[in-house]
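Following the hints, position chain B against chain A.
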Amino acid sequence: MTFLPKMAFKNLARYKKRTMITAGAIAYGLMMFIVIRSLLTGIDNESETNLRLYETATGRIMAPGYWDDRETFPLEKSFYPDVVIPVLEASGAGYSPRISFGGDLIFYKDPFPEDGSIPGRFTAIDPERDSDVFKLRDSLTEGSWLVDGEQGLLLGHWLAEDIGAGIGHTVLVETQTIDGYVQVFDLEVVGIINCPNPEITRSGMYLPLSIADEYLEMDGAVTEVNVNFGTVNGADEDFAALVPEVEALGLEALDWRILGADFIAISQAKAGGTGMIIFLILIIAGVGISNTMLMAVYERVRELGMMRALGMRDRQIRALFLWESAGIGLLGGFYGVGLGALVTWPLVKWGIDYTFLLRDASFGYRIQGQMYGVWNFPNMIFAFAMGVGMAVLVAAFSTHRILRLDIPASLRFQ
Amino acid sequence: MKLKRIITVLIGLAILTTSASAQSAEEIIQKMDELQTFDTMYNEGTMITEDRFGEKRSTYKAWSRGSQDFLIEFTNVEERGQKILRVDEELYLFYPDAEDIIPMHGAALKQSMFGDISYEDITEGRNTLDKYDVEMINSEIVDGEDCWVIEMIATSRDVPYPKQVVKVGKKDYVLREAEYYARSGRLLKIVDVIKVETFGDGRLMITEMVMEDQLRRGSSTRMRIDKLEIDPRLDDDLFSLRSLY
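Residue numbers (the working numbering), protein chains in the order written: chain A, 1 to 414; chain B, 415 to 659.
Derived by calculation from the structure, the hints in this document are not laboratory data.
Note that CB positions come from ideal geometry on N, CA and C, so glycine has one too.
Keep in mind that the hints are not guaranteed to be accurate.
[Claimed, not checked] Just some of the chain A residues that point at chain B, by a computed CB distance under 8 Å:
hint, residue
1, 180
2, 215
3, 353
Isolated chain A (complex conformation):
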């Protein structure tokens, strides 16, 4: 019963170099797979959290049609938050009304380094309520938080750096009122935000809701009310339960997955990318394993012929080679998982600083600075099983080919 496994083990020990090379190929492929999956899962998890904490909350309530036309900032598609607040309070959700509008930020030399203007999206927030939903206030690194009724402006850290803005600098905002008239007003930079969500750090511009209400002539209307049920399990279900009540009020409620569609698309593309990585690893490892296994099998054709001539059955020979390949797979799997864990450990603990990559380009991910990996043990088990399974599969094919030769041909094989 244990004859074949013992013989397979002896064979593996006999051909040490071949065994190590083949196991090394498997180990390398598995290590790459584990590390890349760890990083991508880490990015995904953190992006999702940052998306909800800084941009989308659990969901958002808007006037019908606003979301479809959001690129043009249709202020006329606004609503009075009082309509929906009783429903939100009854549900126990945190809520924060906001006005989003497009416009130009205009600044002048002295105190700015030079004259300029940049188009962008402005977000008017309720300074008192916003922290019930978003973590923006925790990201204030310079200056002070907005004060209701004061013409203050918070800028993202990278944006402030790009235009040379500092606390106390005055800017102009050129936009349109709800009636479409050109509007211009002054704001003073009161704070700089540096938050883990690069979209905010790169282009965030925030002002008090009351100021936007006055200058855009909104008369108390807002473009959105953001709703927060937290990021814990069940938040999505709580929001989903709220949707029918909101729709009964003639409003539209969308959850964070729709609001963060760009990120979700990236995430899905990443899932496709991971599949491609697995496929490539399979090819790399598969070619390496099949090549070494074929060599191992072919250099032993005469030995096989002798074994068959002495009465060993094909089934036993096939089993012997499968045991050998399983041994190589196990060895490669252990090495691969060990190496993967070794490389993942610093990624989990310290991460990789890739600020230089995200500073000037957006990849849709909502992380900034450090890219951290996560421990993904089911993935490691999967990788291990994949390594063993693949080695056995390749060996089965090559052994089958050799066994098609008859015994005299095997004995004469050069």
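Relative to the frame of chain A, chain B by itself:
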């Protein structure tokens, strides 16, 4: 009793003066619109924008019908074939490379068409009195021309500027200067008419003007008409989406 009569007369005079001024301001604006409106018109021109990045020059051909419809086709190398069509109170852009027509709405109209001129700047048409309440403010000498100064307050949501102050020549009813204001009252743009020429049947036409952005320092756009034909025969098809391709 005598004092009361004097006060009554003064109040009556004030009311009369105000209504006469308002009336005359409307007449002036109407006359100004009429002078600048043609059944059909074709012109070729140059637009030069200057800002802190330097100078940019574009040339164009333009056809117009009445006070609303027009078609502009850029002819300079960089923008050759790009077209802007306004018909049925809608604005369309055509980019030859994309072979696609883009309708412009809402905030998109705020984008710069050329330099300091936004798309909404060219969509106002010339039926000014339908969109603004006008009031005579005073008189002023502009570049040696005695002008009426008329304040126009928007009554329509179809116009971008809630307030304009126009200075119209008393002698010829031609616009000499215009100021555009934001809702907050901040001055946004000043249009300065540089050259006025007489054409065909003796009608006057502005052939060169400069628009200066008052928010972006050193930014100005000069528009110059190099060739003008008044009342040419134009195909009806010219002001249609088909003509863009």
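Hint by hint, here is what the structure shows:
Hint status for residue 180 of chain A relative to chain B: holds, with the closest Cβ pair at about 5 Å, below 8 Å. The closest approach between the C-beta of residue 215 of chain A and any C-beta of chain B is roughly 7 Å, which is under the 8 Å cut-off, so the hint is satisfied. Hint status for residue 353 of chain A: violated, given a least beta-carbon distance of 35 Å to chain B, over 8 Å.
Consistency note: the structure conflicts with earlier hint 3 alone.
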